[in-house]
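So the protein sequences, as listed, match chains A and B. Residues 12 to 577, numbered by my numbering, are exactly what the first sequence covers, in order. Residues 12 to 577, numbered by my numbering, are exactly what the second sequence covers, in order.
Check each hint, because a few of them may be wrong.
A pair counts as met if it fits within one copy or between any two copies, since identical chains are not told apart.
[Claimed, not checked] Calculated cross-link-like contacts (lysine to aspartate or glutamate; reagent style DMTMM-like; alpha-carbon spacing at most 20 Å): (1) LYS457 <-> GLU501; (2) LYS128 <-> GLU41; (3) LYS459 <-> GLU559; (4) LYS50 <-> ASP305; (5) LYS128 <-> GLU174; (6) LYS304 <-> GLU46; (7) LYS304 <-> GLU351; (8) LYS549 <-> GLU567; (9) LYS118 <-> GLU46; (10) LYS457 <-> GLU512; (11) LYS304 <-> ASP427; (12) LYS238 <-> GLU422; (13) LYS181 <-> GLU46.
I should point out that these hints are in silico values taken from the structure, not numbers from a laboratory.
There are 2 protein chains.
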Amino acid sequence: MSAAAKSKRSAGRRGAGRETAESLAQRQREISVSEFFLKNRHLLGFDSPRKALLTAVKEAVDNSLDACEEAGIVPEISVDIEQLDRDRFRVTVTDNGPGIVRSQIPKIFGKLLYGSKFHRLRMSRGQQGIGISAAGMYGQLTTGTATRIWSRTGPRNRAHLLEVHLDTRKNRPMIVADREVEWRPEFPAAGKKRGGGTRTASRGTRVSIELEGSYVRGRLSVDEYIKQCAVVNPHLMLHYRVRLRRPGGDNDGEAEGEWTSFQRVSEVLPKPTVEIKPHPHGVELGLLMQILKDSSARTLRAALVQDFSRVSDRAALEICERAGLNPRARPALIAQRDSEALYRAISETRLMRPPTDCLSPIGEEEIVAGLRKEIRADFYTAVTRRPTVYRGNPFQVEAGLAYARPGENAELGAEDSVRVMRFANRVPLLYMSGACAMTRAVTGVKWKTYGLTQPRNAVPVGPMVILLHIASVWVPFTSESKEAVAHYPEILRELTFALQECGRRLAVYLRRRRRQAEAARKRSHIVTYIPHLALGLKEILSLSDRQEAAVVRGLEKLLDRTHLEI
Amino acid sequence: MSAAAKSKRSAGRRGAGRETAESLAQRQREISVSEFFLKNRHLLGFDSPRKALLTAVKEAVDNSLDACEEAGIVPEISVDIEQLDRDRFRVTVTDNGPGIVRSQIPKIFGKLLYGSKFHRLRMSRGQQGIGISAAGMYGQLTTGTATRIWSRTGPRNRAHLLEVHLDTRKNRPMIVADREVEWRPEFPAAGKKRGGGTRTASRGTRVSIELEGSYVRGRLSVDEYIKQCAVVNPHLMLHYRVRLRRPGGDNDGEAEGEWTSFQRVSEVLPKPTVEIKPHPHGVELGLLMQILKDSSARTLRAALVQDFSRVSDRAALEICERAGLNPRARPALIAQRDSEALYRAISETRLMRPPTDCLSPIGEEEIVAGLRKEIRADFYTAVTRRPTVYRGNPFQVEAGLAYARPGENAELGAEDSVRVMRFANRVPLLYMSGACAMTRAVTGVKWKTYGLTQPRNAVPVGPMVILLHIASVWVPFTSESKEAVAHYPEILRELTFALQECGRRLAVYLRRRRRQAEAARKRSHIVTYIPHLALGLKEILSLSDRQEAAVVRGLEKLLDRTHLEI
Chain A
12 MSAAAKSKRS
22 AGRRGAGRET
32 AESLAQRQRE
42 ISVSEFFLKN
52 RHLLGFDSPR
62 KALLTAVKEA
72 VDNSLDACEE
82 AGIVPEISVD
92 IEQLDRDRFR
102 VTVTDNGPGI
112 VRSQIPKIFG
122 KLLYGSKFHR
132 LRMSRGQQGI
142 GISAAGMYGQ
152 LTTGTATRIW
162 SRTGPRNRAH
172 LLEVHLDTRK
182 NRPMIVADRE
192 VEWRPEFPAA
202 GKKRGGGTRT
212 ASRGTRVSIE
222 LEGSYVRGRL
232 SVDEYIKQCA
242 VVNPHLMLHY
252 RVRLRRPGGD
262 NDGEAEGEWT
272 SFQRVSEVLP
282 KPTVEIKPHP
292 HGVELGLLMQ
302 ILKDSSARTL
312 RAALVQDFSR
322 VSDRAALEIC
332 ERAGLNPRAR
342 PALIAQRDSE
352 ALYRAISETR
362 LMRPPTDCLS
372 PIGEEEIVAG
382 LRKEIRADFY
392 TAVTRRPTVY
402 RGNPFQVEAG
412 LAYARPGENA
422 ELGAEDSVRV
432 MRFANRVPLL
442 YMSGACAMTR
452 AVTGVKWKTY
462 GLTQPRNAVP
472 VGPMVILLHI
482 ASVWVPFTSE
492 SKEAVAHYPE
502 ILRELTFALQ
512 ECGRRLAVYL
522 RRRRRQAEAA
532 RKRSHIVTYI
542 PHLALGLKEI
552 LSLSDRQEAA
562 VVRGLEKLLD
572 RTHLEI
Chain B
12 MSAAAKSKRS
22 AGRRGAGRET
32 AESLAQRQRE
42 ISVSEFFLKN
52 RHLLGFDSPR
62 KALLTAVKEA
72 VDNSLDACEE
82 AGIVPEISVD
92 IEQLDRDRFR
102 VTVTDNGPGI
112 VRSQIPKIFG
122 KLLYGSKFHR
132 LRMSRGQQGI
142 GISAAGMYGQ
152 LTTGTATRIW
162 SRTGPRNRAH
172 LLEVHLDTRK
182 NRPMIVADRE
192 VEWRPEFPAA
202 GKKRGGGTRT
212 ASRGTRVSIE
222 LEGSYVRGRL
232 SVDEYIKQCA
242 VVNPHLMLHY
252 RVRLRRPGGD
262 NDGEAEGEWT
272 SFQRVSEVLP
282 KPTVEIKPHP
292 HGVELGLLMQ
302 ILKDSSARTL
312 RAALVQDFSR
322 VSDRAALEIC
332 ERAGLNPRAR
342 PALIAQRDSE
352 ALYRAISETR
362 LMRPPTDCLS
372 PIGEEEIVAG
382 LRKEIRADFY
392 TAVTRRPTVY
402 RGNPFQVEAG
412 LAYARPGENA
422 ELGAEDSVRV
432 MRFANRVPLL
442 YMSGACAMTR
452 AVTGVKWKTY
462 GLTQPRNAVP
472 VGPMVILLHI
482 ASVWVPFTSE
492 SKEAVAHYPE
502 ILRELTFALQ
512 ECGRRLAVYL
522 RRRRRQAEAA
532 RKRSHIVTYI
542 PHLALGLKEI
552 LSLSDRQEAA
562 VVRGLEKLLD
572 RTHLEI
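Sequences are here, hints too, so could you generate the full structure?
If you want it as structure tokens, here you go:
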């Protein structure tokens, strides 16, 4: 055994000895949030190469869409996936968004928990400030490469190209390269699928990440994500390309994938959402204390009006009186001494529900249009529920249905489980359906009432697609990877109501279809007898052949007009 | 409308306007990890009052057990739950552990992501440095109170009492009170359940948290957690008390709960575990680069030996040669330029599996003893698999079974689903069983082969308890709340093998029991005829009554001796 190996045996394995409070204290250390998530990267959606590829695409596209919509730009985005080696891919996402100011680029892409969306109550796709930097961190971990970002903020500004590493020990960006470049976002010319030219935009951002991944088609694939993205974002022009290496595995040239373009069907952006203040009924005691302490208002009454939503001047006074507190007291003082009385008084005071202009639902028409575009079926319907509240957070639920006639759509088997498409703030959710409140709501509805078969505690069976969407200022996901919505009772209830309404409409359609089928059956029965009837009439009334033919035509016409009533 | 209300309307709702790169940049902000988890507290197990109470108890007990075992102290712990108001509880956990050095107390209880267990590869209950400070943060959020900690590190040291808040904006502790006190950990005198005195220890820690909670009995309760804790920690003396307010809800005096003590059945601590280095085959490219960069070794060869486990001097040389690298090169230089070649060479080099003295399984005998103690049944068995590896991390799986005769144990119905008890590093897991690899393994085994009924894709049916334990230096939980184990194929395979072995033994037992039942049936049949036989013999052989009685006795005895072979 070498000296090094020996020293390793003695020094390398601590912990078998007996610890004391002092020896334990010496080993206490701070853990950086990036070290934490690097070790726990399955929490962020990077647990398998296949899912990692999807998650990286998803985080980049979500960011692009948010940026475009906030800047009022009708979005155009390209997603380019290139296989570099057996399990190595480069993901490049380009948008025509507002671009990113140079000084912010390193932090946005090279630091976890950094962003503009966490500290506000407003609906957006991103909400945590983790996604895209986590994708870069995963790329760095598995391939050692830096995230590359091109960005241009306007036609007269020059573009910046940065390469950014994430220092996981300190959770901060390390800039590997930084230079000004001639760059504009480029997109394949729309409409021309083959060899067409390209178009450029005057500003935008491109991010490129190399990572260990795996490209697999199917229900949990990037393809599916892209397709569902197009369904719920009718205003999005989306280009998608996957270039795989030749199956032989040798590096002798690349197999060229081609661009697929999902055209936009609407030039109108979703209604812009506004930021709201927290609603008093959703605020816990500890948070109430914090808000009062931080308040810039000089009196308790003003703080209540200013720092919360839906507290009118009169309501503020009522709260103060009920709590037995001086409305002119300093908020910070109340925070220290009388917050419990205030908290109780707030919970006993009736207040308007939170404002809902912070939400931007897809809308019933758009859902039906989106479903029509991507799913061939016979019956479509959609329901947008009115906004409501869980734990003080406004949210709104939507449901859509597409039902195909038997044999109409090969992808929807009459004997298969219904396909459920889940969306949160317009983002498709593919993984972890079993843990999601939306799946729970679907299995909880009694679909037999509406004419479908349904195994116990399961998704119903039939040639159908169900679309569910929850829009909220804060979607309560069950994990950082944002794949499933937590089971808040208020959310489950709204989902159930929306599904039941869709179900009732489906039942009407199915009954009508059954009646029509029945009528058609009867009609074909009668049609058989028309010639015999005409012949009988001809003999009784001594009609000519021409008259006989006229009788047949007339009877058939009569049947046509009345067949719905038969 | 008042002036305040007006200004609110204009200033309070930003975001409806059009953003530019510049305006977006102004709103980018760092998010502290405690702000993140405060808003996402369901990730930490604080999503409902009921679960919050359990999580707080669990985090405190886990910490106490880890501390005792690391210090080589046979643990004694008391858990005291007191209802202060309808939905307000105080949780107090006291241990006889090594105590905590005064200077470390604020950070351990008032800062997320701080601890001694994250940065090492060694089996322990805690691994993230989040749990107990998150419980305190939740208490602070819901009741505004500080976490109180008493600690004494030895008989001659004075005790400290600290009250600590967590500043969520900065994720750092705020000390509310700090003084030296006369304090020793106190425990109810063992054995005396009523009015008995107390005993004290010379050192230890007590932590007390007030929080919004809800006490509910049942499968997901603190009661169940405590009971399961006793099952897998035979060396633990555990005292438990719940004091609820009178059902009337008035504050006129407290209903006194009484201490329940779970005696230890063993004075022997689990085998102490040692810390290991990462195994090269479980290290990604990016991490390899980081380790080389941080290495204190002066040559690549030495770094490989010193910073990894299972790399002998010879193996290090082999790796260098295969990669075409100079064994004497500076590690940091290799990290920059040749890490990919090195990475490939490592993956192609055969190495011994990681050492497994970092793991401390419960053991087959202890599992059976634990099950016997808490579950009345007829047949017990347990399997401890040999250690193996997922993603470079050593882990080890254990399974136990307890099968009751029909009617033997009222809690185990013959028609009910089998009860599955899940443990990770000796910690009971109660919630999220549906998402756990252990549940998946149970449903995946073909229990019909072993004589049980089993609905498709479900847990088998029968009067049985299954215990599963995974021990690892890093248990891959599906969320920070540590309630379910992720579906790594290696882990699923080991679980399945362990269950199958238990299943085979169960099948032997069930066959034997069936044979015995059959034999008993036959025997009772024959017994009926013995007097007739004796009477016949008596007549044929002209025996006396005494001889006839002797024949009956003799035949019965004969039957007794041979009944197993019938």
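Hint-by-hint comparison with the structure:
no., hint, in the structure
1, LYS457 <-> GLU501, "within (19 Å within a copy, 39 Å between copies)"
2, LYS128 <-> GLU41, "between (26 Å within a copy, 11 Å between copies)"
3, LYS459 <-> GLU559, "neither (49 Å within a copy, 73 Å between copies)"
4, LYS50 <-> ASP305, "between (35 Å within a copy, 18 Å between copies)"
5, LYS128 <-> GLU174, "neither (24 Å within a copy, 33 Å between copies)"
6, LYS304 <-> GLU46, "between (32 Å within a copy, 16 Å between copies)"
7, LYS304 <-> GLU351, "within (14 Å within a copy, 53 Å between copies)"
8, LYS549 <-> GLU567, "within (16 Å within a copy, 101 Å between copies)"
9, LYS118 <-> GLU46, "both (16 Å within a copy, 18 Å between copies)"
10, LYS457 <-> GLU512, "within (12 Å within a copy, 41 Å between copies)"
11, LYS304 <-> ASP427, "neither (57 Å within a copy, 54 Å between copies)"
12, LYS238 <-> GLU422, "within (14 Å within a copy, 50 Å between copies)"
13, LYS181 <-> GLU46, "both (8 Å within a copy, 18 Å between copies)"
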